[in-house]
Amino acid sequence: MNTTEDHGADMIEQLFYDDSAAQERLHDRLVAAADAEGILDVAYRSIDTPVGPLLLAATDQGLVRVAYAGEDHDSVLTTLAQSISPRVLNAPARLDAAAREIDEYFTGRRVSFDMPLDLRLSRGFRREVLAQLLGIGYGKTATYAWVAAAAGSPKAVRAAGSACAANPIPVVIPCHRVVRSDGTIGRYAGGSEIKKALLALEASA
Amino acid sequence: MKPFEQIVTEHGPAILRVCRAALGPHDADDAWSETFLAALRAYPDLRPGSNIEAWLVTIAKRKAIDQYRARARYPVPVPEPPEAPAPPHDQPGSAETELWEALQELPDKQREAVAYHYLAGLPYAQVAEILGNSEAAARRAAADGIKKFRAIYKGEPDEHH
Numbered sequence: 001m002n003t004t005e006d007h008g009a010d011m012i013e014q015l016f017y018d019d020s021a022a023q024e025r026l027h028d029r030l031v032a033a034a035d036a037e038g039i040l041d042v043a044y045r046s047i048d049t050p051v052g053p054l055l056l057a058a059t060d061q062g063l064v065r066v067a068y069a070g071e072d073h074d075s076v077l078t079t080l081a082q083s084i085s086p087r088v089l090n091a092p093a094r095l096d097a098a099a100r101e102i103d104e105y106f107t108g109r110r111v112s113f114d115m116p117l118d119l120r121l122s123r124g125f126r127r128e129v130l131a132q133l134l135g136i137g138y139g140k141t142a143t144y145a146w147v148a149a150a151a152g153s154p155k156a157v158r159a160a161g162s163a164c165a166a167n168p169i170p171v172v173i174p175c176h177r178v179v180r181s182d183g184t185i186g187r188y189a190g191g192s193e194i195k196k197a198l199l200a201l202e203a204s205a
Numbered sequence: 206m207k208p209f210e211q212i213v214t215e216h217g218p219a220i221l222r223v224c225r226a227a228l229g230p231h232d233a234d235d236a237w238s239e240t241f242l243a244a245l246r247a248y249p250d251l252r253p254g255s256n257i258e259a260w261l262v263t264i265a266k267r268k269a270i271d272q273y274r275a276r277a278r279y280p281v282p283v284p285e286p287p288e289a290p291a292p293p294h295d296q297p298g299s300a301e302t303e304l305w306e307a308l309q310e311l312p313d314k315q316r317e318a319v320a321y322h323y324l325a326g327l328p329y330a331q332v333a334e335i336l337g338n339s340e341a342a343a344r345r346a347a348a349d350g351i352k353k354f355r356a357i358y359k360g361e362p363d364e365h366h
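Order-wise, the sequence lines are chains A and B. Take the first sequence: its letter number 158 is residue 158 in my numbering, and every next letter is one higher. Take the second sequence: its letter number 110 is residue 315 in my numbering, and every next letter is one higher.
No lab work stands behind these hints: they were computed from the structure. A few of these clues could be false.
If you only want the chain B side, here are some residues facing chain A, beta carbon under 8 Å, derived [as the list claims (entries may be wrong)]:
(1) Pro208
(2) Val213
(3) Trp260
(4) Tyr273
(5) Tyr279
(6) Arg316
(7) Tyr323
(8) Asn338
(9) Ile357
(10) Tyr358
Ideal Cβ placement from N, Cα and C applies to all residues, glycine included.
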């Protein structure tokens, strides 16, 4: 090694200082510019709730995805990049309204959601099931058999269960209000503890 | 394809160093912003398996040139925006600012070779591709650039003159 280059390398090393303030400022600028230009295809943010951190993601059409921590948020974002668009940015402001409504729901101050939804991640029968779920009111429950029938396929009870489990927008599309005909709670994307917590919240409000 | 957010997190700091090497700490922000906005635009069409860092450096090189020309056309000092005060290490007179300014004085090829290899971490083969020369020439330009950088910063006379 030649000493001159060693000295130069020292000076180079000094330019590798941490500058997170600049990165944050530039990130905000990028998000604003992308939004203004209409190329922020998927905006996301994370919020804290009594049932753990939730990932919220929206397109220009509306809220497209809600994910519990158990789903691993990084892999959810990777899937969104593949299925919708890789133009995915952490853009909390675009989700302010959704975050506020969800916060109001968890504090018992909201019984229905007004935010626009983007149902593009569900097709066919599953999408029909989601449409039926939106009709089950706050504090009410329905059975998988009822959902299957309401979606037009009374025999497709198992498929209705899968459609609920694959609900891309839990909490807001209330798949937690669907229980089994024998009265047991049934499965839930966030885990049955969370499903119980949401039903208890709605029962007490 | 990775979410673009991950591209910003992984490559943002390196590209900021490249922009600062090209333009100094104060004009680098605009070049960085233009680089990532252009990258975001083109990202869905990027060939799978592309070297993202080399791709971003190539865009940054172009944006820095645009920025440099704009600065030459309108040589008005830009006031610091009040909502974005420069962090301490970007203050005039700080060691880092002096280092960035020393880099500015290098000949273009040397400065670019130093920035792309040492500050962005690209191998010489890729540096050569961006500079349009051979790997040996890129390596030489970086070595000469480091020597000259040190001489300028330490206030030593350039040994080649």
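Hints and how they fare:
1. Pro208: 4 Å, holds
2. Val213: Status holds, d = 6 Å.
3. Trp260: Violated, because the Cβ-Cβ distance from Trp260 of chain B to chain A comes to roughly 14 Å (cut-off 8 Å).
4. Tyr273: With a minimum Cβ separation of about 19 Å from chain A (threshold 8 Å), the hint on Tyr273 of chain B is violated.
5. Tyr279: 20 Å, violated
6. Arg316: 12 Å, violated
7. Tyr323: 5 Å, holds
8. Asn338: 20 Å, violated
9. Ile357: Nearest chain A Cβ about 10 Å off; hint violated.
10. Tyr358: 6 Å, holds
Checked against the numbered hints above, the structure violates hints 3, 4, 5, 6, 8, 9; every other hint is satisfied.
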